[in-house]
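K.L.:
Okay, here's what each chain looks like letter by letter:
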Amino acid sequence: DTSLAEANSFSPSMPISPSSMINQYKFEDEPELRDLFIAVDDPESHITAIETFITYRVVTKTSRGEFDSSEYEVRRRYQDFLWLKSKLEEAHPTLIIPPLPEKFVMKGMVERFSDEFIETRRKALHKFLNRVADHPTLTFNEDFKIFLTAQAWELSSHKKQGPGLLSRVGQTIRAVASSVRGGVKNRPEMFTEMNHYMETFSEKINTLDKIAHRIYKEEREYFNEMKEYGPIHTLWSASEEDIADSLKDVASCIDKCCKATEKRMAGLSEILLPILHEYVLYNEILMGVLKRRDQIQGELESRVDALANKKTEKDLFSEEIGKLEDKVECANNALKADWDRWKQNMQCDMRSTFTNVAENNLHYYEECLATWESFLASQTVDFHVEEDSEDRP
Amino acid sequence: MEDCLAKKLEITVSEAEKRTGRNAMNIQETYTAYLIETRAVESQSEGQCAPVDSLWRRYSEFELLRNYLSVTYPHIVVPPLPEKRADFVWHKLSADNMDPDFVERRRMGLENFLLRVASHPVLCQDKIFYSFLTQEGGWKEMVNETGFQLKADSRLKALNATFRVKNPDKRFTELKHYSDELQSVISHLLRVRARVADRLYGVYKVHGNYGRVFSEWSAIEKEMGDGLQSAGHHMDVYAASIDDILEEEEHYADQLKEYLFYAEALRAVCRKHELMQYDLEMAAQDLASKKQQCEELATGTVRTFSLKGMTSKLFGQETPEQREAKIKVLEEQIQEGEEQLKSKNLEGRDFVKSAWADIERFKEQKNHDLKEALISYAVMQISVCKKGIQVWTNAKECFSKM
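Chains as they are written, first to last, in full-length UniProt numbering: chain A, 1 to 393; chain B, 1 to 402.
Simulated from the structure, these hints should not be mistaken for lab results. It is possible that part of the hints are untrue.
[Unchecked claim] Derived lysine to aspartate or glutamate pairs resembling EDC-like cross-links, with alpha carbons at most 16 Å apart:
1. A:Lys123 <-> A:Asp41
2. B:Lys387 <-> A:Glu373
3. B:Lys366 <-> A:Asp242
[As the list claims (entries may be wrong)] Residues on chain B that point at chain A, a partial pick, calculated with CB under 10 Å:
4. Ala24
5. Val185
6. Ile186
7. Val203
8. Tyr204
9. Trp217
10. Glu221
11. Glu223
12. Ile375
[As the list claims (entries may be wrong)] Short, incomplete list of chain B residues facing chain A, as computed with Cβ under 7 Å:
13. Leu189
14. Arg199
15. Val213
16. Ile220
17. Asn367
18. Leu370
19. Leu374
20. Cys385
21. Gly388
22. Ile389
23. Ala395
24. Met402
Fair warning: this is a prediction, and the values are worked out from it, not measured in the lab. Backbone N, C-alpha and C define an ideal beta-carbon position, used for all residues, glycine too.
Please construct the entire structure, taking both the sequences and the accompanying hints into account.
P.N.:
What follows is the structure in structure tokens.
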């Protein structure tokens, strides 16, 4: 089916870098088995009387039967993504919903609608949709399908339907009630372990995120100083005769290394920083999922407690208890499966990301090595030529 | 190459030691003394090791030696001493004169200075220099007895000459410009190099933070643990490697610094020329005016306004005898002046000839040394790159096994 193969290349207007294409195919499904391809590109500014906002083009190509067509193109704004995420969380409270890029950037370095901010956000939104598409359960979610396929007005009207405010209030009340009760009494060992894991993991990921940013900053400052270093040698060569060429050659070597260090920086910001940031966002998501599972179990336990005092009429409530028990079992199973899947993906992501970073650094040093070695070769040739000419009487 | 001291005598500055003592004002002070060891080269060819002579000198004695050489051989580009205070430091380096790394680099710089003097065809033959290397006691007195300080030109005199000289040899003027440019560009280069070194230090050291985090993270991971742990170790190696790298680069910086200071030595030779030329021009001018005076007295015409002329007009002219006496004095002075002018001319031409010979020697030395320095810089960078490749190859392997 040639349309599937072409779906990989997408439209030329979409600026997918080679590294992000590799990122896409890190997902557990083999590319050939995928039947849903999504791309987020082409940010556009919209100015109305009330507000200014950006929309992104979402292109979908699919061979699935549930979809009426094999290709869709819609425009979505950040709000729409937020809506989708909250619908997914509602429908699957104990599944790990991928992170969305943040609403605002706290660092203050990037302006709200700067090109850099928009591009970073676009890439993250692209990642989000693809992660959802790769999830064995979420990929078949109805709201997800609507998000990908509905025209703007269709989406608006669909958004207005559904549970809405009251159900959200109910969720909050249950959450508060469960935390007031003091949490869950008989939490299975497995989930306690997950909690402990997340405590350490979130700490380490946060630290790694900071380290990665520090490294980027130091590399950038190094690059800024290097920019000045080469030209001084060229300036010097203007006062010299014999060594002018050597000086100019050194200047050109330094400039080449300078460019190489710029590439290294870019690699870091394209490969490492986004992934670490994503996993920092995952911290909250995972803690949230574990809490919600606790809540569900808490509901069951509080019902059981409440009914324990009423010795009679137990049979009347056995169906209710049974339903709650099922709910807990479903939630546990869903979470367990998704947790394993998440861990596998995380391991995969970390492996390929850090391997890429190492490769990046390798390329940097290899390029610099080649530059200096060729300089050295040219100098020793000159040296021998000079020595020969001295021997002549 | 002529047979110079360096070929007959092995010279090293092998040790540095902290000392306390009383200085000229009887105030307690701490200083560093350097051990100079010398050994005759010839006897080594017989398979025997000649005995090593040694003595201690402090930096101020080196300065005295150099001042003596500069004054005594003004036509020579005298090798410079290593810097007195640590300049162009990047932040991890100490600016403290007592810092062991600074002392060590100064020790090498002083050895380099002695070797440069010992391999100079003219300077190596100087007796004071030889005594500096071999005679521990009484050397200072010996130097002062030469009375070289009296021969030194005052800075003010030299400045005056620089401004007023009319016809200096153009080559010296060009050389002065060159040495200004050289000084300016090398200073700039060293400043930026220090900043680059600072930044490079930051990049490497920050990677050291990976080690601990990876190690702590590996504790909660089953499959990823080993890869993380070993990768962290390689990051530690990477971070630690920068210390040696930058230490080696300091030697390169010292090589450039030597030529930064050589610029001043070049300027000193140019200044001497300007001084001599100015002196010559003044002497010629003086002679010309005396000749004119003589002519005026002889012919009785006053061509230029003079106070004498006015007073004689007002108070009456001199007697013929007085005039004769004056003419005789002037004629003697003129003869003296002509002889002086002749010898000054000769001196000046000799100076230009020998100075320019040494400058050509210096130029060749400079081109050779700087080219070698650039090559050694490239060699250093290659080594840094190879180390980087090794570390990141190892790290990549660890990561790919996570």
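K.L.:
Check the structure against each numbered hint from earlier and tell me which ones fail, lowest number first.
P.N.:
4
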